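Student: Here is how the chains run, residue by residue.
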Amino acid sequence: MCLRPRFLFALAIGAVLFLPVAVRAATAAIPHGKVALLAEHRSISPGQQTTLALRFQLEEGWHIYWQNPGDSGQPPRVRWQLPPGLTVGEIQWPVPQRIQTAANIVDYGYHGTVLLLVPLRAAPDLTARSNATIGAEVNVVICREVCLTGKAQVSLALPVRAGSPVVNQSLRGEFERARQAMPQPVPTNWRLRATQSRETVVLYGETDEPISRGFFFPWEELQIENAATQNWESAGNRSPGFRLVLRKSARSRAPLERLRGVLALENGRAYWLEVPVAAEGRN
Amino acid sequence: MKRITAWLILALLVALAVPFGLRAARVGEPAPDFTGTTSDGQTIKLSDFRGKYVVLEWHNNGCPYVRKHYNSGNMQRLQKQWTARGVVWLTIISSAPGKQGYVTAEQQNEYVARMNAAPTASILDPTGTIGRLYDAKTSPQMVIIDPNGVVIYDGAIDDRPTANPADIEGATNYVSQALEEALAGKPVSVSSTKPYGCSVKYPD
Numbered sequence: 001m002c003l004r005p006r007f008l009f010a011l012a013i014g015a016v017l018f019l020p021v022a023v024r025a026a027t028a029a030i031p032h033g034k035v036a037l038l039a040e041h042r043s044i045s046p047g048q049q050t051t052l053a054l055r056f057q058l059e060e061g062w063h064i065y066w067q068n069p070g071d072s073g074q075p076p077r078v079r080w081q082l083p084p085g086l087t088v089g090e091i092q093w094p095v096p097q098r099i100q101t102a103a104n105i106v107d108y109g110y111h112g113t114v115l116l117l118v119p120l121r122a123a124p125d126l127t128a129r130s131n132a133t134i135g136a137e138v139n140v141v142i143c144r145e146v147c148l149t150g151k152a153q154v155s156l157a158l159p160v161r162a163g164s165p166v167v168n169q170s171l172r173g174e175f176e177r178a179r180q181a182m183p184q185p186v187p188t189n190w191r192l193r194a195t196q197s198r199e200t201v202v203l204y205g206e207t208d209e210p211i212s213r214g215f216f217f218p219w220e221e222l223q224i225e226n227a228a229t230q231n232w233e234s235a236g237n238r239s240p241g242f243r244l245v246l247r248k249s250a251r252s253r254a255p256l257e258r259l260r261g262v263l264a265l266e267n268g269r270a271y272w273l274e275v276p277v278a279a280e281g282r283n
Numbered sequence: 284m285k286r287i288t289a290w291l292i293l294a295l296l297v298a299l300a301v302p303f304g305l306r307a308a309r310v311g312e313p314a315p316d317f318t319g320t321t322s323d324g325q326t327i328k329l330s331d332f333r334g335k336y337v338v339l340e341w342h343n344n345g346c347p348y349v350r351k352h353y354n355s356g357n358m359q360r361l362q363k364q365w366t367a368r369g370v371v372w373l374t375i376i377s378s379a380p381g382k383q384g385y386v387t388a389e390q391q392n393e394y395v396a397r398m399n400a401a402p403t404a405s406i407l408d409p410t411g412t413i414g415r416l417y418d419a420k421t422s423p424q425m426v427i428i429d430p431n432g433v434v435i436y437d438g439a440i441d442d443r444p445t446a447n448p449a450d451i452e453g454a455t456n457y458v459s460q461a462l463e464e465a466l467a468g469k470p471v472s473v474s475s476t477k478p479y480g481c482s483v484k485y486p487d
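Taken in order, these protein sequences are the chains called A and P.
Going by this note's numbering, the first residue of the first sequence is number 1, and it counts up by one from there.
Going by this note's numbering, the first residue of the second sequence is number 284, and it counts up by one from there.
Hints listed in this document are in silico derivations from the structure and should not be mistaken for laboratory results.
Computed from a prediction, not measured in an experiment: that's the story for all the values here.
Just to be clear, a hint being listed does not mean it is correct.
As the list claims (entries may be wrong) - Taking lysine to aspartate or glutamate and the EDC-like style, the derived pairs with C-alpha atoms no more than 20 Å apart in a straight line are:
no., chain 1, residue 1, chain 2, residue 2
1, P, Lys-335, P, Glu-464
2, P, Lys-328, P, Asp-429
3, A, Lys-151, A, Glu-137
4, P, Lys-382, A, Glu-60
5, P, Lys-363, P, Asp-323
6, P, Lys-477, A, Glu-137
7, A, Lys-34, A, Glu-60
8, P, Lys-477, A, Asp-208
9, P, Lys-328, P, Asp-316
10, A, Lys-34, A, Glu-145
11, P, Lys-363, P, Asp-429
12, P, Lys-363, P, Glu-464
13, P, Lys-335, P, Asp-429
14, P, Lys-477, A, Glu-220
15, P, Lys-469, P, Glu-312
16, A, Lys-151, P, Asp-450
17, P, Lys-335, P, Glu-463
18, P, Lys-382, A, Glu-145
Stated by the list, open to error - Across the chosen pairs, the derived CB separations fall in these ranges:
no., chain 1, residue 1, chain 2, residue 2, range
19, A, Pro-255, P, Thr-455, 22 to 30 Å
20, P, Ala-467, A, Arg-269, 52 to 60 Å
21, P, Arg-397, A, Glu-233, 48 to 56 Å
22, P, Ala-367, A, Thr-87, 45 to 53 Å
23, A, Gln-57, P, Gln-325, 47 to 55 Å
24, A, Gln-67, P, Gly-311, 47 to 55 Å
25, P, Leu-466, A, Glu-233, 43 to 51 Å
26, A, Thr-127, P, Asp-487, 53 to 61 Å
27, P, Ser-472, A, Ser-130, 53 to 61 Å
28, P, Lys-363, A, Ser-197, 41 to 49 Å
29, P, Asp-487, A, Ser-130, 54 to 62 Å
30, P, Gly-311, A, Phe-215, 25 to 33 Å
C-beta: ideal position from N, C-alpha, C; glycine also.
Build the full structure now, drawing on both the sequences and the hints.
Tutor: Right, here's the structure in full:
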């Protein structure tokens, strides 16, 4: 087979013009929104860690899902494409919202703009180079009243350089806000315990200040009935605390060993908690 | 007068709460009976099928998770395979008018013909009454009832909670697994799973 030089030339021009756009785009469209891959630093340093973010920007009314989607839907799934020497950790999920779609259906997810943070680690022997390309194939289910699936390819090229990496100032505020949106550790002066009956699990908290209301987001599916009313009772101001009654999932008959999830308070704070649950009939 | 109003409100609240929590179908318990209108214009009762295994399939033809199983032919295969073995297969549509998946009888008949689907009947449930009776949360959601009228399976169609048709191959189909076991006289090994899919589009 003999290809004419003019054709080869056109092909080469085409490759130069279109490939970088297609392969390296940091932002890509998804149905009713877009997704971008961002890095907190301007370069990668061998032996150090930086943070990546998948930033979803959704049209009004549309939502994507938390890692536990609740009664319907599915969290975004990411397939990473990484050069040797780079590894990513688990996605860090910000505090979700409760999304009720029917009397018996409650989902957990995000509206508007949301950043999923992902740690990126570089091996100590990673060689310096002008560009290391990090790619992510994002599969997402996005819903309003109806659900659509989307698939997007986003990529980011960062230089590998020795020394301390420089923070990308233009994204600094965004990464800071993303960290504030993460559940925080429970204050050290709180005391939490949980008990259960056949149908319910009760979380008791002794806290450092009165809390008027809170909501529990279960980390695992089938811990509690998502659509059941969460019954919150605040204790008096003298010994502040609360009692939260949750209905166990009708699908899991086995006793709960622990309650894991996010406790979001009315005052805007949210805590990550993991509380052993006493066996039935014991307090 | 005020007291009567209060009692009425209380009674209404209780009546509303019942379908959502207390009476919803549970594995190991009797399947709540219902009467439904099929896309062929027939009125059928669940209890008419006592003595047979019955599969309930919650359906919404616009939902990507449902399309996964219909566009691949997986759902139709299951319908044919099991109705050939005497199982009654009821496709239930609980979408409200104006919402995704709502169909008229003609539209559903046309869909069944076009997709080469083979349920015993399609039941139109635009008020969501049957859906709520079974606390159906997603499409698809699958329920199996044994010849004695007891729920023996409730949950997902299989163990791959995605909308991707490529995930059908190699998946464990919970409906087939439960029916195989039950028909062989064995206990159902996986009888309750978390259903996956789109939320059922109940009336507001």
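Student: Each of the hints needs a verdict: does it hold here or not?
Tutor: Do the hints match the structure? See the list:
no.	hint	in the structure
1	P:Lys-335 - P:Glu-464	15 Å, holds
2	P:Lys-328 - P:Asp-429	15 Å, holds
3	A:Lys-151 - A:Glu-137	7 Å, holds
4	P:Lys-382 - A:Glu-60	19 Å, holds
5	P:Lys-363 - P:Asp-323	19 Å, holds
6	P:Lys-477 - A:Glu-137	27 Å, violated
7	A:Lys-34 - A:Glu-60	12 Å, holds
8	P:Lys-477 - A:Asp-208	37 Å, violated
9	P:Lys-328 - P:Asp-316	7 Å, holds
10	A:Lys-34 - A:Glu-145	19 Å, holds
11	P:Lys-363 - P:Asp-429	18 Å, holds
12	P:Lys-363 - P:Glu-464	18 Å, holds
13	P:Lys-335 - P:Asp-429	7 Å, holds
14	P:Lys-477 - A:Glu-220	11 Å, holds
15	P:Lys-469 - P:Glu-312	18 Å, holds
16	A:Lys-151 - P:Asp-450	16 Å, holds
17	P:Lys-335 - P:Glu-463	14 Å, holds
18	P:Lys-382 - A:Glu-145	8 Å, holds
19	A:Pro-255 - P:Thr-455: 22 to 30 Å	26 Å, holds
20	P:Ala-467 - A:Arg-269: 52 to 60 Å	54 Å, holds
21	P:Arg-397 - A:Glu-233: 48 to 56 Å	55 Å, holds
22	P:Ala-367 - A:Thr-87: 45 to 53 Å	50 Å, holds
23	A:Gln-57 - P:Gln-325: 47 to 55 Å	49 Å, holds
24	A:Gln-67 - P:Gly-311: 47 to 55 Å	30 Å, violated
25	P:Leu-466 - A:Glu-233: 43 to 51 Å	50 Å, holds
26	A:Thr-127 - P:Asp-487: 53 to 61 Å	60 Å, holds
27	P:Ser-472 - A:Ser-130: 53 to 61 Å	56 Å, holds
28	P:Lys-363 - A:Ser-197: 41 to 49 Å	45 Å, holds
29	P:Asp-487 - A:Ser-130: 54 to 62 Å	56 Å, holds
30	P:Gly-311 - A:Phe-215: 25 to 33 Å	31 Å, holds
Violated hints, listed in ascending order, are 6, 8, 24; each of the other numbered hints is respected by the structure.
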